Amino acid sequence: MRQGFLGADFEALATLWNRFHPEKYRMDASLLIQNTVGSPTFDWGASCIEMRDDEPIGFVAVKRSPASLYRHPDKDQYHLTALAYDDAETGLESMAYVKRILRNRGASRLVFGEDTRHFWPGCPADCAKLGMFLMVQGFEEGGEVVDLERDLTGYRYEGAVPEGDEFRRLEGRDLPALRSFLSAEFPGRWQYDTLNKVEAEGPGTVFGLLQGGAVRGFALLQDASAKLPIGGAIWRADLGENWAALGPIGVAKDLRGTGHGGALLGRALQQMAEEGARRTIIDWTTLVDFYGKFGFIPTRRYQSLAMTFE
Numbered sequence: 003m004r005q006g007f008l009g010a011d012f013e014a015l016a017t018l019w020n021r022f023h024p025e026k027y028r029m030d031a032s033l034l035i036q037n038t039v040g041s042p043t044f045d046w047g048a049s050c051i052e053m054r055d056d057e058p059i060g061f062v063a064v065k066r067s068p069a070s071l072y073r074h075p076d077k078d079q080y081h082l083t084a085l086a087y088d089d090a091e092t093g094l095e096s097m098a099y100v101k102r103i104l105r106n107r108g109a110s111r112l113v114f115g116e117d118t119r120h121f122w123p124g125c126p127a128d129c130a131k132l133g134m135f136l137m138v139q140g141f142e143e144g145g146e147v148v149d150l151e152r153d154l155t156g157y158r159y160e161g162a163v164p165e166g167d168e169f170r171r172l173e174g175r176d177l178p179a180l181r182s183f184l185s186a187e188f189p190g191r192w193q194y195d196t197l198n199k200v201e202a203e204g205p206g207t208v209f210g211l212l213q214g215g216a217v218r219g220f221a222l223l224q225d226a227s228a229k230l231p232i233g234g235a236i237w238r239a240d241l242g243e244n245w246a247a248l249g250p251i252g253v254a255k256d257l258r259g260t261g262h263g264g265a266l267l268g269r270a271l272q273q274m275a276e277e278g279a280r281r282t283i284i285d286w287t288t289l290v291d292f293y294g295k296f297g298f299i300p301t302r303r304y305q306s307l308a309m310t311f312e
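Numbering of the sequence shown is given in this note's numbering, commencing with residue 3 and proceeding in unit increments.
No lab work stands behind these hints: they were computed from the structure.
For clarity, every value in this text was computed on a predicted model and none was experimentally measured.
Among the hints, a few may not be true.
In silico DSBU-like links for lysine-lysine, alpha-carbon gap of 30 Å or less [as the list claims (entries may be wrong)]:
no., residue 1, residue 2
1, Lys26, Lys295
2, Lys26, Lys229
3, Lys77, Lys255
4, Lys131, Lys101
5, Lys77, Lys101
6, Lys295, Lys255
7, Lys101, Lys229
Put together the whole structure using the sequences plus the hints.
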């Protein structure tokens, strides 16, 4: 029997998720709620749960384009944010339902992951059955992205710091400067995600690069105190105690390539280390060599996947 997500038993859905995915991607009910029905782009009509004997045996969660939240090129794009099933037939039936709904709406594309409050930046390389299932469904491969990790125990940044740069966690008085900086330098998703985190957790979740009181760079920092864990922070169960997450991170265009970004990253990592961070993740990136200079190595690989409706 098929039902919607209204009144869903998320403890049971988390158990199903954890049966389907490798252990390093294990999930809890609170994160499932946050990143599905708790997301402003969750699509109640296209998402479904398959039931048998009052227990979920499969589910598919879909989200709409984030075009209503921030600048996005395709308002008719949808995102397959999550799926799990006990048997392939159940998965096929759920996906047939989803594709029928989206075709009837005139959808242009269905992208696996990459959504607002995402679980996945792409299909995890070490979940072969998921990848094969999606390819059979008509998804086509794009590029590869990775998550990177390192243990920050004892870390100190020994690199150069450009003259005039100040690094610290932001305070309430810095919010106008932060908003101005994000609007000018990182309009779109990074601006939206960062200001959402600030609203939920306060300005201190942002580590800033300041020059003369102006915000010129930022890094979003997360740890176990996060009220709205996003990005790599959702793998907190695998990261273990004293975990931390960094990103997004960026500096103003005119500062790029001149050492300011590296200094911001190094000082942000030192800040987290001094606060007790150990296993630390930087998610959804292609900059393996850059972060490798700071001791980070790939731990998860993802393949971008999308299908086009004709």
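Hints, one by one, checked against the model:
no.	hint	in the structure
1	Lys26 with Lys295	holds (25 Å)
2	Lys26 with Lys229	holds (22 Å)
3	Lys77 with Lys255	holds (28 Å)
4	Lys131 with Lys101	holds (20 Å)
5	Lys77 with Lys101	holds (17 Å)
6	Lys295 with Lys255	holds (22 Å)
7	Lys101 with Lys229	violated (34 Å)
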